[in-house]
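**Student:** The hints should help you fit chain P onto chain Y, whose structure is shown.
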Amino acid sequence: MKKIHEDQHAGGDLRRAMHKALGIWLLLLVLALITAGSAYIPLGAGNAAVNVAVATIKTLLVAVYFMHLREPYPVPRLACIVALVLVAILFTLSGIDYATRVPPASPPPAGPDTPRTLR
Amino acid sequence: MSAPAILPPPSADTQRNYQTRLGMWVFLSTELMFFGPVFWSYLVARQHAPAAFAQAGRLTNAWLGTGNTLLLLTSSLTMALAVEAARHGVRSYARRALWLTALLGCVFLAVKGYEYVNDWHENLFPGAHFHALGIAGQDAAQMFFFVYFFATGLHALHLTIGIVMVAVMIRRMRTAARSVASREVDLVGLYWHFVDIVWIFLFPALYLIGRSS
Numbered sequence: 003m004k005k006i007h008e009d010q011h012a013g014g015d016l017r018r019a020m021h022k023a024l025g026i027w028l029l030l031l032v033l034a035l036i037t038a039g040s041a042y043i044p045l046g047a048g049n050a051a052v053n054v055a056v057a058t059i060k061t062l063l064v065a066v067y068f069m070h071l072r073e074p075y076p077v078p079r080l081a082c083i084v085a086l087v088l089v090a091i092l093f094t095l096s097g098i099d100y101a102t103r104v105p106p107a108s109p110p111p112a113g114p115d116t117p118r119t120l121r
Numbered sequence: 025m026s027a028p029a030i031l032p033p034p035s036a037d038t039q040r041n042y043q044t045r046l047g048m049w050v051f052l053s054t055e056l057m058f059f060g061p062v063f064w065s066y067l068v069a070r071q072h073a074p075a076a077f078a079q080a081g082r083l084t085n086a087w088l089g090t091g092n093t094l095l096l097l098t099s100s101l102t103m104a105l106a107v108e109a110a111r112h113g114v115r116s117y118a119r120r121a122l123w124l125t126a127l128l129g130c131v132f133l134a135v136k137g138y139e140y141v142n143d144w145h146e147n148l149f150p151g152a153h154f155h156a157l158g159i160a161g162q163d164a165a166q167m168f169f170f171v172y173f174f175a176t177g178l179h180a181l182h183l184t185i186g187i188v189m190v191a192v193m194i195r196r197m198r199t200a201a202r203s204v205a206s207r208e209v210d211l212v213g214l215y216w217h218f219v220d221i222v223w224i225f226l227f228p229a230l231y232l233i234g235r236s237s
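Chains Y and P are the protein sequences, given in the same order. Taking the working numbering, the leading residue of the first sequence gets 3, the next gets one more, and so forth. Taking the working numbering, the leading residue of the second sequence gets 25, the next gets one more, and so forth.
Only chain Y is shown next, with the shape it has when bound in the complex (with noise of 0.2 Å):
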């Protein structure tokens, strides 16, 4: 901490940039603990959503804070955008793919040896 004090400049913006974290820190120790108490509350479908939504939320301070996303650059923006893009690519054309495959009119005749599958 003694040599924050020898450039006044430097240690303010670091001090900043600190105190912007410990606030991020805060933000996410909350959403935490958020999305660990609100899963014992029976909301049904509702917890799945408010799980995904927070989680959504924290990666966001993350990135944007922690990963410095904010910053004027785009391109490192666009490359996590289009990695976001593929997953979701493959992500629908795999739920389209389970959604609807039908099962075989007559199942296989189960014994030891029969592999078990999902479907």
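Keep in mind the hints are simulated off the structure, nothing from the lab. Heads up, some of the hints might be wrong.
What the hints assert, rightly or not - Mimicking SDA-like on lysine to any residue, the simulated pairs with C-alpha atoms at most 25 Å apart in a straight line are:
id	chain 1	residue 1	chain 2	residue 2
1	Y	Lys22	Y	Leu63
2	P	Lys136	Y	Val32
3	Y	Lys22	P	Leu211
4	P	Lys136	Y	Ala50
5	Y	Lys22	P	Arg120
6	P	Lys136	Y	Gly39
7	P	Lys136	P	Val192
8	Y	Lys22	P	Phe225
9	P	Lys136	Y	Thr58
10	P	Lys136	P	His155
11	Y	Lys22	P	Leu46
12	Y	Lys22	P	Leu94
13	Y	Lys22	P	Ser203
14	P	Lys136	Y	Leu35
15	P	Lys136	P	Gly151
16	Y	Lys22	P	Met48
17	P	Lys136	P	Val62
18	Y	Lys22	P	Arg202
19	Y	Lys22	P	Ile194
20	Y	Lys22	P	Val62
21	P	Lys136	Y	Leu33
22	P	Lys136	Y	Lys22
23	Y	Lys22	P	Trp123
24	P	Lys136	P	Leu94
25	P	Lys136	P	Phe149
26	P	Lys136	P	Trp87
**Tutor:** Just chain P, lined up with the frame of chain Y:
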């Protein structure tokens, strides 16, 4: 024709920082392709047997899972502080924050290891001896624990790599030039935060499922 106002070209250091950060972002994108299908397999298996998944989820230790989540979020804070301190050239502070980050990562792994030992003794490790007490759908429960061990194991492997990188950075902070050290801490920070984000999604998926039913 008047000459347009041209900004001075960025310094070689700024350019290098930008390039390395972009390289790390591209790497993290491929990591997302790696972890994405793990989450997908979880969703498919859960959709197939929601009741057994909820019951199996209750066999995980929510207290330890929540505690570990808070630990990892705190390690993200110390890592962010290390990055800021390194950017401002306050190396002693950056090194202390890195030490704390590595320590928090190690405590996380120790807690996870303790959970694994308990799971093993409760026969929850998938295999011939798997038996989840009080659950009708043993196959689906086993599928849950297969995903649980694979996902948390893969995450723990990434965290271990992160801890090694942080340890290397603690050494590098002594010797490397200020701009180089700052750039490298930045990269390790990006990786560390990514591993934290993976856990942010694993935590509710594996530890909080079925708690209210």
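**Student:** Each hint needs a verdict: does it hold in this structure or not?
**Tutor:** Right, here's what the structure says about each hint:
| no. | hint | result |
| --- | --- | --- |
| 1 | Lys22(Y) / Leu63(Y) | 11 Å, holds |
| 2 | Lys136(P) / Val32(Y) | 22 Å, holds |
| 3 | Lys22(Y) / Leu211(P) | 20 Å, holds |
| 4 | Lys136(P) / Ala50(Y) | 24 Å, holds |
| 5 | Lys22(Y) / Arg120(P) | 19 Å, holds |
| 6 | Lys136(P) / Gly39(Y) | 21 Å, holds |
| 7 | Lys136(P) / Val192(P) | 23 Å, holds |
| 8 | Lys22(Y) / Phe225(P) | 24 Å, holds |
| 9 | Lys136(P) / Thr58(Y) | 24 Å, holds |
| 10 | Lys136(P) / His155(P) | 21 Å, holds |
| 11 | Lys22(Y) / Leu46(P) | 24 Å, holds |
| 12 | Lys22(Y) / Leu94(P) | 18 Å, holds |
| 13 | Lys22(Y) / Ser203(P) | 23 Å, holds |
| 14 | Lys136(P) / Leu35(Y) | 19 Å, holds |
| 15 | Lys136(P) / Gly151(P) | 20 Å, holds |
| 16 | Lys22(Y) / Met48(P) | 24 Å, holds |
| 17 | Lys136(P) / Val62(P) | 19 Å, holds |
| 18 | Lys22(Y) / Arg202(P) | 23 Å, holds |
| 19 | Lys22(Y) / Ile194(P) | 24 Å, holds |
| 20 | Lys22(Y) / Val62(P) | 33 Å, violated |
| 21 | Lys136(P) / Leu33(Y) | 22 Å, holds |
| 22 | Lys136(P) / Lys22(Y) | 30 Å, violated |
| 23 | Lys22(Y) / Trp123(P) | 21 Å, holds |
| 24 | Lys136(P) / Leu94(P) | 13 Å, holds |
| 25 | Lys136(P) / Phe149(P) | 14 Å, holds |
| 26 | Lys136(P) / Trp87(P) | 12 Å, holds |
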